[in-house]
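Colleague: Just need the whole structure built from these sequences, with the hints factored in.
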Amino acid sequence: MDPAHIRNFSIIAHIDHGKSTLADRMLECTGSVQKRDMTDRVLDDMELEKERGITIKARAVTIFHEKDGERYMLNLIDTPGHVDFNYEVEKSLQACEGAILLVDASQGVEAQTVANAYLAIEANLEIVPVLNKVDLAHSRPDEIAEEIENSIGVDAADAKRVSAKTGQGVPELLDQIITQIPPPKGDPADPLRALIIDAVYDEYRGIIVYLRIVDGTVNERDTIYMMGTEKVFEAVELGRFSPKMLRTKVLHAGEVGYFISNIKSLGDVRVGDTVVLHKGPKVEMLPGYAPPMHMVYADFYPTASGDFEGLREALTTLTLSDSSLAFEPVTSDALGFGFRCGFLGLLHMEIVQQRLEREHDMDMIQTAPTVTYRVRYADGTEQEIHSPGTLPDPDKFEELLEPIARISMMVPTEFVGVVMQMAVEARGEYVRTEYLSQSRVQLFFDVPLAELIYDFYDKLKSGTKGYGTLNYDVTGYRADKLVKLRILVNGKEVDALSSIIHQDVADRRGRNIIQRLRKDIPRHQFEVPLQAAIGGRIIARETIRAMRKDVTAKCYGGDITRKRKLLEKQKKGKRRMRSIGNVDIPQKAFLSVLGEGEKKK
Amino acid sequence: MDHHQPAPEGTPLYVHLPFCVHLCPYCDFFSVDGKGQDVDGFLDTLLLEAEARAPKAPRTVFFGGGTPTYLSEPQLQRLLLGLDELTGFRASAEEVTVECNPESLTLPKAQLMRSLGVDRLSIGVQSLDPETLAFFERPHGPEQALAAVEATRSAGFERFSIDLIHGSPTEELATTERNLLQLLELRPQHVSAYGLTYEPGTPLHARLEREEFVPQDEDQELANLDSVHRLLEDAGLRGYEVSNYSSIGQECLHNVNYWHNGPYVGIGPSAASHAQGTRSGNPRSIPRWRAAKQADPMAAAFEEHLDPRARLGETWWLGLRLAEGVDPEVARTTAGWVAAEDPAVGEAEALVAEGLLELLAGRYRLTPRARPLADHVGRQFLV
Chain A
1 MDPAHIRNFS
11 IIAHIDHGKS
21 TLADRMLECT
31 GSVQKRDMTD
41 RVLDDMELEK
51 ERGITIKARA
61 VTIFHEKDGE
71 RYMLNLIDTP
81 GHVDFNYEVE
91 KSLQACEGAI
101 LLVDASQGVE
111 AQTVANAYLA
121 IEANLEIVPV
131 LNKVDLAHSR
141 PDEIAEEIEN
151 SIGVDAADAK
161 RVSAKTGQGV
171 PELLDQIITQ
181 IPPPKGDPAD
191 PLRALIIDAV
201 YDEYRGIIVY
211 LRIVDGTVNE
221 RDTIYMMGTE
231 KVFEAVELGR
241 FSPKMLRTKV
251 LHAGEVGYFI
261 SNIKSLGDVR
271 VGDTVVLHKG
281 PKVEMLPGYA
291 PPMHMVYADF
301 YPTASGDFEG
311 LREALTTLTL
321 SDSSLAFEPV
331 TSDALGFGFR
341 CGFLGLLHME
351 IVQQRLEREH
361 DMDMIQTAPT
371 VTYRVRYADG
381 TEQEIHSPGT
391 LPDPDKFEEL
401 LEPIARISMM
411 VPTEFVGVVM
421 QMAVEARGEY
431 VRTEYLSQSR
441 VQLFFDVPLA
451 ELIYDFYDKL
461 KSGTKGYGTL
471 NYDVTGYRAD
481 KLVKLRILVN
491 GKEVDALSSI
501 IHQDVADRRG
511 RNIIQRLRKD
521 IPRHQFEVPL
531 QAAIGGRIIA
541 RETIRAMRKD
551 VTAKCYGGDI
561 TRKRKLLEKQ
571 KKGKRRMRSI
581 GNVDIPQKAF
591 LSVLGEGEKK
601 K
Chain B
1 MDHHQPAPEG
11 TPLYVHLPFC
21 VHLCPYCDFF
31 SVDGKGQDVD
41 GFLDTLLLEA
51 EARAPKAPRT
61 VFFGGGTPTY
71 LSEPQLQRLL
81 LGLDELTGFR
91 ASAEEVTVEC
101 NPESLTLPKA
111 QLMRSLGVDR
121 LSIGVQSLDP
131 ETLAFFERPH
141 GPEQALAAVE
151 ATRSAGFERF
161 SIDLIHGSPT
171 EELATTERNL
181 LQLLELRPQH
191 VSAYGLTYEP
201 GTPLHARLER
211 EEFVPQDEDQ
221 ELANLDSVHR
231 LLEDAGLRGY
241 EVSNYSSIGQ
251 ECLHNVNYWH
261 NGPYVGIGPS
271 AASHAQGTRS
281 GNPRSIPRWR
291 AAKQADPMAA
301 AFEEHLDPRA
311 RLGETWWLGL
321 RLAEGVDPEV
331 ARTTAGWVAA
341 EDPAVGEAEA
351 LVAEGLLELL
361 AGRYRLTPRA
371 RPLADHVGRQ
381 FLV
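Those sequence lines, one after another, are chains A and B. Here the first sequence stands for residues 1 to 601, where the numbers follow our numbering. Here the second sequence stands for residues 1 to 383, where the numbers follow our numbering.
Don't read these hints as lab results, they were simulated from the structure. Errors might be hidden in some of the hints.
[Said to hold, decoys possible] Partial list, derived from the structure: chain B residues whose beta carbon lies under 10 Å from chain A:
1) I165
2) A193
3) E221
4) L222
5) N257
6) L356
7) E358
8) L373
[To be verified] Straight-line distance between alpha carbons at most 20 Å, and here's what the computed SDA-like set of lysine to any residue pairs gives:
9) K554(A) - R279(B)
10) K461(A) - K571(A)
11) K549(A) - L222(B)
12) K549(A) - H205(B)
13) K572(A) - A533(A)
In this text, a Cβ means the ideal position worked out from N, Cα and C, and glycines have one as well.
Modeller: If you want it as structure tokens, here you go:
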């Protein structure tokens, strides 16, 4: 199709503000999906996405819409809404010329929406503000339009008012996309340049690569070359998503679609790479995506019965569709061989862990997440520390630095006092306040990232009755009085349980961790002493008493099946634990280093 | 659901009679308040099921509940005569036990049962402490308990057992000991001494969850177990199972068969059956049980088939509850385990190393230290 009749756009929205519903409605009213085929949320095809109601992977879909007698191709590139998936958002935005800024007209602008909107503005995208859920009685479109202007600086006075649920305003919005968002610039006659925006592994078809054609045309049977990985493939099948895969045999400049080759190795495809014709005219590589910044690290170890190579394979498969996940082998004294994984944030970590368990049937132990610290040596050199276990002795380095995040929180005005207090308790430094409307403010603080992942988000949620939202950017590193808190179980130091914390809170955290471990570690046939120590100083201790009574009083003919099943279940629970020395430690104990709020997940 | 298979001649028979005067708050067996129940209709269905399923010439018969003596004399007579007609148990059984509670065990009832082939009574005394009996909501007092034992003797029963529960929050160790000594004056040849447990789903468990009382702590429970064991053994009653004590030769044969992982047939609502690794059970509701049996007396509400490995584990778990312990070769035969390697022996040896089992005359058994840890030990053998 002629690029003048193509529009590429994405939708920026907070969780629950109706993005997937709006996408569904667009598909429906352009006839892309028959109403009877509509399942809730056509775009979210991972089991986990539907369950959690959030969009993890960017998806693309092509719809056709007629305006003034002309037919237009609209490519909707879906974006994840959560702050952890900023990296995915950037990938999606690179392939678009415009973005719909979708805001719930009853809830208002949320911190993550602001962050993603800024990403879109930085990428020179045309922003189309849209107010959703205007059918609800308590919607406040005028006030929310003002919030959009104050927080993002986009004129929202004429923002379209729609209801993704009822479809009200959606056809008009499609018209507006055509008039307001510019068409792609590329020329189909130029030499081919295409951007890899995503890739998924399909059990039957191999690797499916998502492409945005920037310049030129690609045909089936063309031999293509990936400039970054320097690999050559034949385009076996080309097509677009309608939303099911539809073979078109050709893709032109401005279009979004997929190609399938005989790509076997997961390492051959890198999202952000440029695809050109093999032995074609020399062209410049497209600006790739910035490498993802890992904010949180955690280790995965196979359980006693688990297998290391299987875990490696599962992680490798995951990185294909989630290029923001990084991992490397690691060894723990306590847990043996495993992998240290880098994540964009806590939610990202949780999703990866669940995908490993569900999609790859992995049985594993995950250590508590930690941030990347830095040690500065006397000679001025610095070293990154991804795990407390690898921290050198204090006399070996000059300073220990921790990452600082500039957080922005959007909260209803009545919670400002509570939130200020929480931020200060989390060692936060006040930056500034911005008033968005009469009822909502935006607060900025600089907070150590470690405090943020400890339990700050949960506290914010409960402290503001769920209304507060948060976004953060890591802005730099700062030296502080940080110490390594060591945990000893039955006299043996368990590196996977140690953490780096601020000296002022060390005693309290130490006691908390030990008390939680006492509850989480089951009783054994012998006493299990638990100790928390800083250097050689024991700051907290508890003892798990020996199990001395474990017997069923009555066991007769009618009880046997039920009692046996109970014993079997108890035994199975034990198999999921890791044995350190001769103490069995369950998965949840490894997360006891985290705050109380985190553990509830 | 698959069907119960007809059992071979001689298979032990269990008969469940769920009616009670009052439901005890700690009990998690299937029982119902007898008021307004159609007991005669119940017996119709029970005999219908017996006709289809009860084994001929059972070696042992056990009437459990509920409270079997809740039945009136004519009802008991109908049950015992009817069952004898169908199975011939009076001629074949080495042991016929009826569970009874003091409030409903009268001398005429005891005499009737004795005359119709019952040779052993198991009496639910539970405690002689009035406060504890009130906590257990038992409808009888200490005097009634003593009278029931007296009636049992007068009716000519040489064999009887007394049930008792220790570990109630109403008792100090001294109360438990005093009670037990008083009971021992009745010279029972068999005592079942159960530590009180709070089974999920029971009213007592709910009260515990609501923190209406403070349960005994583990130290107290262990002291009870220890003291009860010592007093009973001193009185010449040998602990032959985790909770069961008797003089030599007075063990309950019917129950020992459970711990030998033997076959049995259970009739009545909730009753379970076992044959060669197939375990099955009846519905836990009188109307559902009656409807099912009227449609098909062989029907089962649940059924599971265990492979030889699972049966081996089960045989050890159950067998180690007995003081005699487990002979690995007998366990293999019971379980149908034919492979050269016996995984249970490996487990047993590891437990010997830990001091929880000992090997004596070719049999593995719990060490004294491991008696309160029988579940922990048993768990190691299960799959």
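Colleague: Please go over all the hints and tell whether each is borne out by the structure.
Modeller: Against the structure, the hints:
{"no.": "1", "hint": "I165", "in the structure": "holds, 8 Å"}
{"no.": "2", "hint": "A193", "in the structure": "holds, 9 Å"}
{"no.": "3", "hint": "E221", "in the structure": "holds, 6 Å"}
{"no.": "4", "hint": "L222", "in the structure": "holds, 6 Å"}
{"no.": "5", "hint": "N257", "in the structure": "holds, 8 Å"}
{"no.": "6", "hint": "L356", "in the structure": "holds, 8 Å"}
{"no.": "7", "hint": "E358", "in the structure": "violated, 16 Å"}
{"no.": "8", "hint": "L373", "in the structure": "holds, 5 Å"}
{"no.": "9", "hint": "K554(A) - R279(B)", "in the structure": "holds, 18 Å"}
{"no.": "10", "hint": "K461(A) - K571(A)", "in the structure": "violated, 37 Å"}
{"no.": "11", "hint": "K549(A) - L222(B)", "in the structure": "holds, 7 Å"}
{"no.": "12", "hint": "K549(A) - H205(B)", "in the structure": "holds, 19 Å"}
{"no.": "13", "hint": "K572(A) - A533(A)", "in the structure": "violated, 32 Å"}
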